[in-house]
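Colleague: Residue-level listing of the chains:
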Amino acid sequence: MGDALLEVQGLTVTYDVGREGFWGQRQTRLTAVDDVSFSIDRGETFGLVGESGSGKTTTGRAILGKVPIASGRVKFAGRDITEVEGRERRAIRRNMQLIPQNPYGSLNPRMRVREIISEPLVVHRLFKNAKGASERVVELLELTGMNPDDMHKYPHAFSGGQRQRIVIARALALNPDLIIADEPVSALDVSIQAQVVNLLQDLQKRLRLTYIFIAHDLAVIRHISHRIGIMYAGKLVEVAKGEDVYRIPIHPYTEALLSSVPIPDPRVERARAVSVIAGEPPDPIHPPMGCRFHTRCPLAEPRCREAAPPLEAKGPEHEAACWVR
Amino acid sequence: MIRSDHLLEVRNLEVVFPTREGTVQAVRGVSFTVDAGESLGVVGESGSGKSTLARAALGMIELPGRIAGGEILWRGRSLLDKRVARRIRGREISMVSQDPMASMSPILTIGTQMTEVMTRHLDIGRREAFTRAGDLLEKVGIPDPGRRLGQYPFEFSGGMQQRVVIATALSCDPMMLIADEPTTALDVTTQAQILELISSLQKDLGLALVLITHDLGVVAGACDLLKVLYAGEIVESGTADQLFHRPRHPYTAALLGSTPRLDVKADRLMAIEGHPPDLRHVGGRCSFTPRCPHATTRCTTESPVLQPSEAGRAYACWNPLGGREAPELPTARAGHG
Ligand SMILES: Nc1ncnc2c1ncn2[C@@H]1O[C@H](COP(=O)(O)OP(=O)(O)OP(=O)(O)O)[C@@H](O)[C@H]1O
Ligand SMILES: Nc1ncnc2c1ncn2[C@@H]1O[C@H](COP(=O)(O)OP(=O)(O)OP(=O)(O)O)[C@@H](O)[C@H]1O
Ligand code: SF4
Ligand code: SF4
Ligand SMILES: [Mg+2]
Ligand SMILES: [Mg+2]
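So the sequences go chain by chain: A and H. Residues 1 to 325 in the numbering used here are what the first sequence spells out, letter by letter. Residues 1001 to 1337 in the numbering used here are what the second sequence spells out, letter by letter.
Source of the hints: derived by calculation from the structure; they are not laboratory data. Do not rely on the hints blindly, as some may be mistaken.
To be verified - Chain H regions said to be covered by chain A (calculated; three or more residues, Cβ under 8 angstroms): (1) 1054-1061; (2) 1176-1190; (3) 1238-1247; (4) 1255-1265.
Said to hold, decoys possible - For lysine-lysine, the following DSS-like pairs were computed, each having C-alpha atoms within a straight-line distance of at most 27 angstroms: (5) A:205 to A:75; (6) A:241 to A:314; (7) A:75 to A:241; (8) H:1265 to A:314; (9) H:1203 to H:1139; (10) A:75 to A:128; (11) A:205 to H:1265; (12) H:1265 to A:241; (13) A:314 to A:75.
Quick caveat: nothing in here was measured; it's all calculated off a predicted structure. Even for Gly, the Cβ is constructed at its ideal location relative to N, Cα and C.
Pulled out of the complex, with its shape left as it was, chain H reads as follows (with noise of 0.2 angstroms):
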């Protein structure tokens, strides 16, 4: 056991994929923690390390991947030894994917599926197991779930399939719920009452939530902290308050200004040149830099990292926007916007 405070610690984590065509580096030092009952969006565009983030913190990152340095505590136990982390998954830890189906057998009812997680994590029988099934079922806004329970996957709409995985993932009354886009693949009303789902979940249990997704919106109702991912770094990291109304790097800010709202009408997009780099060539300078309206040479050569400022936020940027308060850095140009 090593000391933590916290029930996810997260220090200083790297996850290379070794391809014929260089080493990607998904995840390069990310560290954060995550405490009981809190929620925590992580946002991110594609490839920026969102979901080798979290299998990662289930202790499920396969080959070719590899973990390449840092450590993940849960409760003070690592995550890097598998035994120990397949013991916490599905247990302690228990996650929801955008693709419903994938967690689930296409051949066996959800009866069995639900019960087969629970006799083999709880101390409890079949007969049990079944009937805690049920009222899973019914929690999560599932009609008849009698009837349902006697049937397989197809027979379920894509938002009941994965009201079906948000019920499986509740069964061992885990601590921590990680939902890797969880309604991404579903339409908007969907959405609505799946994200309504989790937030209530979430408060009546008491659930550490990590609800990770490309969708700025999603994470705005449903998170009262936040970290924002590019190129496999935390960028940014606060409370969704901080981050939405006062953003202080450069991507943070170009994310909002990119996003169309539906209640304020823009003029014209703030769209973002260019595109992320190639994570096999990171490093050495800062990854957003050529993107960055912001930049100044020292962004050319040397990689900022992640520091705490005030009131609990941290940036990793030479030049913060947002100049009200001095910037913690040494800078080469004082704050922005």
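This is chain A alone, in the form it adopts within the complex (with noise of 0.2 angstroms):
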């Protein structure tokens, strides 16, 4: 592997849920993320794909800080996000930047869009107020494929595709290096969410920017990702290039997500043959023992019951965690 910007190792999130017991005695721990590692190039897009709650989300906060670790590390260019402190932290801070899951609820109505881009930038103190800030805001606004004379409007007055691109503008204010997209085009229609995942690409190539792109739709992932990795009940699964995961997966999770995925084409659909995997994901409290995904795992052995396996590599970077494949 090349030049890593960011590697993530061991990295385990719970979240404190309440009490257990008669007397209330024990808290009770969601271990959201389970000692999830994996690393990413610069200039690479890393797409992080599962279904709702397997831990995506969390994922991006921890390395964003956003969330404490419970263990494990995040290294930004070699140095650990957990043991620099000072203007150090405040530099891979702003070295990191996140376009969040919902595009509405993080614009303040009330904010005109000037204000909303320039944000970031007064807040890092490179700027004294969001006027003096106007000639950056109307760079980004050009470069986002948006109209300077839109930084006097408010949130409002924009479409949703719009809209993720003042959320677009923003997250690249600071100039960052790496951007975590939480699923940046997931509430959009298609034919907008195509816009949004093109100006992400050609802003990568332009700023030579590295992406963690997060989504639950797999063929959104693998147009854009160059590797992928597949999570299920907080855990990573599988991670492979985005070629390799579609035509040689391993794990038996990334193969019933495959074929679950729709393909808009009625000839491949009727001679696909249709696979579909019973059940549910565990409930995330008290996941199974050994493997998460022996419940519904059509594969699975006794051996599957008893310990978790871990993700080693099975082929040319191609790792998963199966102790059967």
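Dock the two chains into a complex; use the hints.
Modeller: Structure follows, in structure tokens:
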């Protein structure tokens, strides 16, 4: 592997979710992300895919330092972000920006576009106020395919796709190296989704950005990602190049996911063997012992119930966590 | 009774929503038919009028919404007549929507709700209805139906709730099922389960199915016939194969080009610039004009109407794609593509 910008090692994140036991004597913990490891090269798009509750957002938030890490390490450009402090910490912060999951919730309806986009610039004291940052805001609006005059408008004046461009412009304000885009197109219509996907790809080339692109839509993920990580119930179960995930999937869950995605082509759909996987993801507070997929896995063996399989190399640049495969 | 050979026949339907800022023309001159056992997909983006159309077909347009014109016939009877609609809804035509909780009561058990629907519409007693409810749950793949009937909706996962809604929708042996984004709120593995369930029920029971979705993938497997909706109008209709493999309307083609595919990696998606029009100010031109790469002057001054063309298909466009057969309409420019 080349020039790793981000390395995540054994990342585990838990949430406290109330108390258990007759006297409420035990704190109930939900392990949202469990021993997750991956690394991302500079200029690469790493797609993180999985079903609702699999831990995608939590992984992104932990990398950004927005939720406490229970164990594990996150290294950005070789520096452990849990260890650095002060100026260095702020510098790393600036270099990692989030496009949050809900574009509507993340734009303050009472702020004009100029204030919204310049907010990070003002917070990091690069400019005194929004007005002072006008030139940079215009630059960012143009970069994201918006009109400079838009900076005087309020969010309600824009369509969903335009709002997402505003969110992207704000994320780019500090010239970050890494952008964590959490479901950036999930709420958009397909024609608008394509605009935003193309914009993100163009920006990546122009600005040499590195992306973590989070989505539940495998077709979008495959389209945009160089490498893909598949999450199931808090675990990373497979990591490989986009092509290989599709062509030679290893983990039985990856196979199930691939066969569940409908293909927009009636001929392909008719010819496809339907292999619908039964059941549902486990309760995150009481996950099954061993491999978390064993309750639904067609290949499960007794040993799968005993210990969790580690994510390990199974082929060139191809890792999976399965005892059988 | 009006003469109609179809199960459902919608003629020139116009639905409007008067608002303070103007009248939203949500459905504009839509005509189509559904025959027994057919599976029809209705595809369109957000705001294109899919749900409004579905609700109209069930006689469920509520104030301030209003049917401003046209006719909806169910086996020859007008569904614009509220009394007729009330009798047919839930019995001859059933509906499944995106949010299963919206069609269930949170404070009644599943068993109570299902038996209530059946005793209202069918000539059967509570005990028989309860037994039938158990059979239906089993049929839609809910294990341990006896116990499940005694539970409340919140005790079910989203996918299981949708199964219950489907079971309830089938409880009075309907002839047609309208499913409005039935899997949009679900994860993809659950979506696959529910789509397979709907398709197999449709075939086994000989149901007519109207499947409404924004997702081209969803209709590709489940529907034989397709309508594409844009800004409240049907812009193209035909078999799924025709529309997917030889779209004639530029919007259909653009929709296909914008959709990423899992099985074929495109270098770049074909985005459609701009966004759909404001439905308070439409008409007098093709509503796709501002976004259409094939627009000509005529498109900006005259609204194309849905014209039948070869092999049962139809499209509303002055400059249709796919020049191999001569377009039916006098065009400013010949075919493209
Ligand atoms: N603030 C929180 N407090 C308690 N539990 C949480 C919190 N945030 C997330 N969780 C739980 O952690 C698990 C992982 O959630 P997360 O939001 O990371 O999943 P996700 O993969 O992003 O899902 P989605 O596709 O729905 O966005 C879930 O079981 C979720 O319920
Ligand atoms: N009660 C209402 N009052 C005013 N406008 C309405 C109302 N219901 C729907 N509309 C408008 O009618 C148009 C069609 O809406 P509809 O809900 O049918 O679209 P849709 O295709 O189902 O969209 P989605 O994919 O978002 O569900 C939209 O412009 C919508 O804003
Ligand atoms: S470890 Fe066992 S249960 Fe888990 S995916 Fe592999 S075969 Fe299935
Ligand atoms: S009528 Fe004109 S603008 Fe409308 S879709 Fe056809 S070519 Fe495009
Ligand atoms: Mg999330
Ligand atoms: Mg709708």
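Colleague: Now tell me if each hint is right for this structure.
Modeller: So, going through the hints one by one against the coordinates:
Given as covered by chain A, the stretch 1054-1061 of chain H fails the check, having 0 residues with a CB less than 8 angstroms from a CB of that chain where 3 are the minimum. Coverage of a stretch by a chain is defined here by at least three residues with a beta carbon nearer than 8 angstroms to that chain's beta carbons; for the stretch 1176-1190 of chain H and chain A the count is 4, and the condition holds. Coverage of a stretch by a chain is defined here by at least three residues with a beta carbon nearer than 8 angstroms to that chain's beta carbons; for the stretch 1238-1247 of chain H and chain A the count is 4, and the condition holds. Counting residues of the stretch 1255-1265 of chain H whose CB falls under 8 angstroms from any CB of chain A gives 10; the rule of at least 3 is met.
Annotation: proposed proximity of residue 205 of chain A to residue 75 of chain A holds, straight-line Cα distance about 24 angstroms (limit 27 angstroms). For the hint linking residue 241 of chain A to residue 314 of chain A, the alpha-carbon distance of about 13 angstroms falls within 27 angstroms, and the restraint holds. Of the supplied pair hints, the one linking residue 75 of chain A and residue 241 of chain A holds, its CA atoms being roughly 22 angstroms apart against a limit of 27 angstroms. A hinted pair counts as satisfied when its Cα atoms are at most 27 angstroms apart, and residue 1265 of chain H with residue 314 of chain A qualifies at roughly 24 angstroms.
Distance hint between residue 1203 of chain H and residue 1139 of chain H is fulfilled; the C-alpha atoms sit about 14 angstroms from each other, no more than 27 angstroms. A distance of roughly 31 angstroms separates the Cα atoms of residue 75 of chain A and residue 128 of chain A; the hinted pair therefore is violated under the 27 angstroms criterion. For the suggested pair residue 205 of chain A and residue 1265 of chain H, the alpha carbons sit about 19 angstroms apart, so the restraint of at most 27 angstroms is met. Between residue 1265 of chain H and residue 241 of chain A the CA atoms are separated by roughly 13 angstroms; this keeps the pair inside 27 angstroms, and the hint holds.
With a C-alpha separation of about 25 angstroms, the suggested pairing of residue 314 of chain A with residue 75 of chain A holds against the 27 angstroms cut-off.
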